[in-house]
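J.: In order, the protein sequences belong to chains R and B.
First residue of the first sequence: 1, per my numbering; consecutive thereafter.
First residue of the second sequence: 1, per my numbering; consecutive thereafter.
Since the hints were made in silico from the structure, they are not lab data.
Take the hints with a grain of salt, since some may be wrong.
[Claimed, not checked] Restraint-style ranges between C-beta atoms, simulated for each label pair: (1) B:Q9 to R:G587: 50 to 58 angstroms; (2) B:Q9 to R:R325: 33 to 41 angstroms; (3) B:Q9 to R:D426: 49 to 57 angstroms.
[Said to hold, decoys possible] To be clear about the criterion: a stretch of chain B counts as covered by chain R if any three or more of its residues have a C-beta under 8 angstroms from a C-beta of chain R, and this derived list gives those stretches: (4) 4-11; (5) 22-33; (6) 50-64; (7) 68-80.
[Stated by the list, open to error] Which chain R residues face chain B? A few, computed with CB under 7 angstroms, are given here: (8) H313; (9) R317; (10) A419; (11) F420; (12) A593.
Don't be surprised by glycine CBs; every beta carbon is placed ideally from N, CA and C.
Here is what each chain is made of, one letter per residue.
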Amino acid sequence: MCGIAGIIGEGEPGARRDRMLEMLGMIRHRGPDQFGVYQDAAATLGSARLSIIDLSTGQQPISNEDGSLWIVFNGEIFNYVELRPELEARGHRFRTASDTEVLLHLFEEYGAGCLERLNGQFAFAIWDARARRLLLARDRLGIRPLYYTEVDGLLLFASEVKALFAHPAARRELDPVSLRQVFTYWSTLAGRSAFLGVHQLRPGHTLAYSDGRIETRRYWRLEFPAEPAREEEERESLERFKELLVDATLIRLRSDVPVGAYLSGGLDSSMIAHIIRSRTSNELATFSIAFDDPQFDESGFQLRMARLLGTRHEVVRATHAEIGRVFPEVVWHTETPVTRTAPAPMFLLSKLARDSGFKVVMTGEGADELLAGYDIFKEAAIRRFCLRQRDSALRPLLFRRLYADIPGLRETSPAFLAAFFLAGADADSPYFSHAVRWRNSARALRFLSQETARAAEDGGAAPEVPAEFCRWGPLERSQFLECTVFLSEYLLSSQGDRVGMAHSVESRLPYLDYRVVEFAGRLPARLKLRGMKDKYLLRLLGREFLPADVWQRPKRPYRAPIHKSFFGPAPDYVCELLSPERIRAAGFFEPAAVSRLVAKIAGGAQVSETDDMALAGILSTQLVQHAFVEHFPAARPVSPERDDVAFRGEFPPPGRSGR
Amino acid sequence: MEIEQMVRQYVNRNLLFGESQIMYDDDTSFLAAGILDSMAVMELVAWIEATFGMKVDIRDITPENFDSVNRLAAFLRRCAAPAAVGGNGRP
């Protein structure tokens, strides 16, 4: 796991080298072990490496045999062991034992077609020095990040936005359209970042750049069968699923450093930990989050699983005060406003793992999206059920059962439930499943200032869906939206890569092995969601290995407290950034509206989920504005004197600087 | 203060936070306009109980009674103590 960066375009060599060292300095946390820079007349590539595979010879950038191709690589190719012999048989000579070099030779052999053969989580850049052509690529679901921007005739790319901003030509300005998207969908939509002119390479896409022209191409997308899936025997599907999940887990143990696991207390991560314990002789270290607030805490279940599996278990306690304390640092890493605080405990968890000596952890992310674990899938099914008999007084009561832990719904009449969940419902809309969530979230847009709201008007575009979307079943349609919007754009980023890499911890996600993803896509809906039974197939698998109270336990969404983390008592930065003066100066929100929200929360009134999300969204926007626009820190470049830096290619003589 | 005005004031201050982009009149559906969600309904109920000294029965929390300024005002006139709604309450 690493961070990568690049400057494509001509310029004074000494200046380009110095810029690159500054860019790498910004993402030092992603790869503090080694650094490397390649440079020629038209390109500068950089790598900050977290050594995990091939500790001794895997330093980047790496070239092919004749030095015509150079690669910087962030991530892992888990099937590199299987790919290498085939390449050797075709005459490729290897200088290292790394997966990075396997990828480069595979690219030589197949061009961008090599991506179809990769089983991994990655973002990389390959520079063809002869053709002066760059290829960027990102893994299928966007587990690893990659941003780019064009300035002054240059293409800049990097694992994180802050590295782009280390380049003096980069424009640092929040994008009102992105704000609108975050306040509606909980994240920006594919391809966009929080900043004007800064793009993300979409998951499952490549970007080719030559002669100043950018061409992006999709090489993979989540697909579902247009026809109802063949009614496979349940047993047959279960066996295939087991085989795939076990292999997906085991190849993710490939590492030259120890691999730990996060344990949430739920079925998904318990299953992964069980596979590791039962199929290997590894001693396993597990890590989990405990909350003071019983509404969020699952530590009892976590401890029970840890004892059952015989793991060395460590717990970090995410108190309200601690979440409030680290939130500015968390937002520095998410690089986008967030409407929740859930990334903060994950940030504390990665610190715990790192302090315990772990650079790599397995996680259970992805099972809820692929196997239909989330309540939103059930909510959509209940809404369809209610629409079939709109005057039923009983059917809306299912919403109360589904959301039993939400007090507002517990005490609401069926008539109001129906009005709330079915208002404006259009069963033919592609966004039917997510309409209520997005409508509720968008209530926070009322805090936007008139100028921002006007500037964001063109941002009303809904998430893109493929042409064949309308031929998929209702569950599959909602899964597609949940995967492409929530999973790829928020969960894997703000709650995944970014808060893990903040402490140089790489997460590995067996459920997002593309073979598991494609298998789940082909499953009949009834093996995922059966009535109100979620993750049906995974629970069947759980029944074979785990105690009944683990595999039967209802899904409990991972959430973290919001207003109590900022108002009990409020850290200084909260009062400061939410003050009318600072709100007015930033210009994104109406000062009077924000003051009323603050007064309501500080006064101890009942706080709704919408209020909570608005609070997190406003505060994090102010933090992004403060840290990235108004007070972007001075560069602390990687230093050839103090750091382990390798230089390859053409560099000016020592001592000559472009500054 | 007129009961409709009290409702509007509450909605503006506590649900729309005063500087809203949302325009509504006394017949606008709170749900359709995005003013009310399930949690906000409970806030509204708590405010009614505290302000008008009445207990709201769960069966009365319906769109017919709660989903606009006029509907809510009519509900309060029907069900709240006369003194609490300026003498215009239930006869």
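J.: The structure should be examined with respect to each hint, and the outcome stated for every one.
T.: Okay, the hints, checked on the actual structure:
no., hint, in the structure
1, B:Q9 to R:G587: 50 to 58 angstroms, "28 angstroms, violated"
2, B:Q9 to R:R325: 33 to 41 angstroms, "37 angstroms, holds"
3, B:Q9 to R:D426: 49 to 57 angstroms, "34 angstroms, violated"
4, 4-11, "violated (count 0)"
5, 22-33, "holds (count 4)"
6, 50-64, "holds (count 7)"
7, 68-80, "violated (count 0)"
8, H313, "36 angstroms, violated"
9, R317, "28 angstroms, violated"
10, A419, "4 angstroms, holds"
11, F420, "6 angstroms, holds"
12, A593, "4 angstroms, holds"
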